[in-house]
Amino acid sequence: MVDAADAKGGKMTVFKTDRHEDYAAMVMVGIVTAAILLYMSFLVGEIELKAPEEGKVLEILVVSDAVVKKGDKLAVLAVKDKKMVGGKLEERPSNCTVTSSLNGVVKSIKVQEGDVVNDKNVLMVLVPEKGQLP
Amino acid sequence: MVQKLPRILPGLLFMVVSVILLRLYVELWIKNQMVFGVKGWLARELNLNYIMLSIILGMVYRNVVFRGKIPAWAEEGFRTTRLFIKGGIIMLGCLYTVMSLAKVGSWAILLILTFIFGTVLFVMWVGKLWNVDRSVVGIMGAACGVCGVSACIATAPGVKAKATDVAMAIATILGFGLLTMFISPFIGKALGLSDLQYGAWVGTGILNSGQVLATCLAFNPTIAKGTAVYYGKLWNLMRVISIPFVVFIITAWYYGKEAKEEQGEQKQSLGKILKEKFPLFVLGFMGMTILSTLGLFGSDKSETNHILCEIMQWIFAIGLIGQGAYIDFREIKQAGGMPLKIGLAAGVTKYLLALVIIKLFAPADYDV
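If you're matching them up, the sequences are chains A and B in order.
For what it's worth, the working numbering labels the leading residue of the first sequence as 65, then goes sequentially.
For what it's worth, the working numbering labels the leading residue of the second sequence as 4, then goes sequentially.
Simulated from the structure, these hints should not be mistaken for laboratory data.
Quick caveat, the model's predicted, so the values are computed rather than measured.
From the three backbone atoms N, C-alpha and C, an ideal C-beta is built for every residue, glycine too.
A couple of the hints might just be wrong.
Unchecked claim - With a cut-off of at most 25 angstroms between alpha-carbon atoms, the simulated DSS-like pairs for lysine-lysine come out as follows:
1. B:Lys7 / A:Lys147
2. B:Lys106 / A:Lys120
3. B:Lys106 / B:Lys275
4. B:Lys362 / A:Lys144
5. A:Lys147 / B:Lys275
6. A:Lys146 / B:Lys236
Unchecked claim - One side of the interface only, derived from the structure: several residues of chain B facing chain A at Cβ under 10 angstroms:
7. Asn35
8. Ile226
9. Ser302
10. Glu306
11. Leu347
12. Ala348
13. Thr352
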């Protein structure tokens, strides 16, 4: 059994000094971040595209198996732009165009025109091209 | 270090398995509980998230399961705790971008920075007045000046704070934040504060980030531009991004005074302090923020950013279990209530002063 560690005595580390621990933490994060970026760029199979906000699906502009490029329009949602002005909430109806943030293929479409969605609902599933970060 | 690996692994695996069970089962169970008719009330109102649960579990291990002492087979593994906490702080930087500060507004930035560094100086003054241990002053200065738990944990290694003092500091911040979280909406409505004024006030005056958002939603449940939660988030963002600078100033103060006491009147040069003592991992936080600003991790709603955030939480949780395991209840009793007294003094002063200044000088609204 060991006594309670004294933080001021530097016993709260397995490294020689605090400085070594700082370097180790930065190296660890560097490795973890690089691994995540590599995984997301080259190994991730599919990405779920969720609705950006609450709204109603007006139009689906693509079909399953469609090839899309970054910036291509995928769907149009009817949303309400909410803004607090002078202590009152103003709501203005507007259309929100959902665009693709990457190159890839539409694997499946999970909603239909007329569906009411929120930011937790998946609109469609995309298979990204390798070499880009979703 | 490599030779230590066989001794480190048992304790480390113990912490990792604990985090897996905690996050996949306990945290999920708590989020799904209905209390007072609200799902997730425990997580949101009592801050029973992975941070608190990890610390509590660590304390249970130390004081109940291990009966006051970490066993020899786990000791080396538990000593990796600060590595993971530092790693978590570094990864926290990926959630923020410098450009998001542009939404805050120059007058707001000036006000926030004044309160941050003003609070740090106030805590140092109170600490000198009450003859408080410098490590406690350091972590309370960061905790009260910036955003509570993260700032306290980021500063702790640089000022050689004891785990017990860190635990007391966190308890003070969260306790004070809980109280102000409940009373603030009533005060805001009674004084006729606008959403901007309320968001700015609690974004400055409440010590913990999560509680800022919760109280903004209590004031006005709508999430939209120009609402309390919109402004509360922005003002809180500015506080979090200032963590590296606050840690720098507090570390320089701590070692400057230490050198003065050890070597008489001979001054320790700032350059020497920076070279030998500055917690470098905080620069890692800044580095991640810069990379995020450059778009390396995609947008803030991208899948990549979401994964980075998840991994950050896991790394933090492993570190916080170890942090909790260094908290001995007997030491807490001996420590007394100094962090509590400082926290209350700084917290109440900041809370009231922020209210007065914002009520008098902040506009009721501005175009977002």
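Results of checking the hints against the structure:
With a CA separation close to 58 angstroms, the supplied pair B:Lys7 and A:Lys147 exceeds the 25 angstroms bound. At most 25 angstroms may separate the alpha-carbon atoms for a hinted pair to count; B:Lys106 and A:Lys120 exceed this at roughly 29 angstroms. Between B:Lys106 and B:Lys275 the alpha-carbon distance is near 37 angstroms, which puts this suggested pair outside the 25 angstroms criterion. A hinted pair counts as satisfied when its Cα atoms are at most 25 angstroms apart, and B:Lys362 with A:Lys144 does not qualify at roughly 31 angstroms.
Only pairs whose Cα atoms come within 25 angstroms are accepted, and A:Lys147 paired with B:Lys275 is rejected, the gap being roughly 51 angstroms. Pair hint A:Lys146 plus B:Lys236 holds up; C-alpha atoms about 17 angstroms apart against a cutoff of 25 angstroms. For B:Asn35, the shortest C-beta to C-beta distance to chain A is roughly 15 angstroms, which exceeds 10 angstroms, and the interface hint is violated. Interface hint at B:Ile226: satisfied, since its Cβ lies 8 angstroms from the closest Cβ of chain A, which is below the 10 angstroms cut-off.
Annotation: interface hint on B:Ser302 holds; nearest CB of chain A at approximately 7 angstroms, less than 10 angstroms. With 10 angstroms as the threshold, the beta carbon of B:Glu306 comes within range of chain A, its nearest partner Cβ sitting at about 5 angstroms, so the hint holds. Below 10 angstroms, beta-carbon pairs count as interface contacts, and B:Leu347 has none with chain A, the closest being about 24 angstroms; its hint is therefore violated. Here the hint on B:Ala348 is broken, as its CB sits about 24 angstroms from the closest CB of chain A, past 10 angstroms.
Interface restraint check for B:Thr352: the shortest CB-CB distance to chain A comes to about 28 angstroms, outside 10 angstroms, so the restraint is violated.
Hint check: violations occur at hints 1, 2, 3, 4, 5, 7, 11, 12 and 13; the rest are consistent with the structure.
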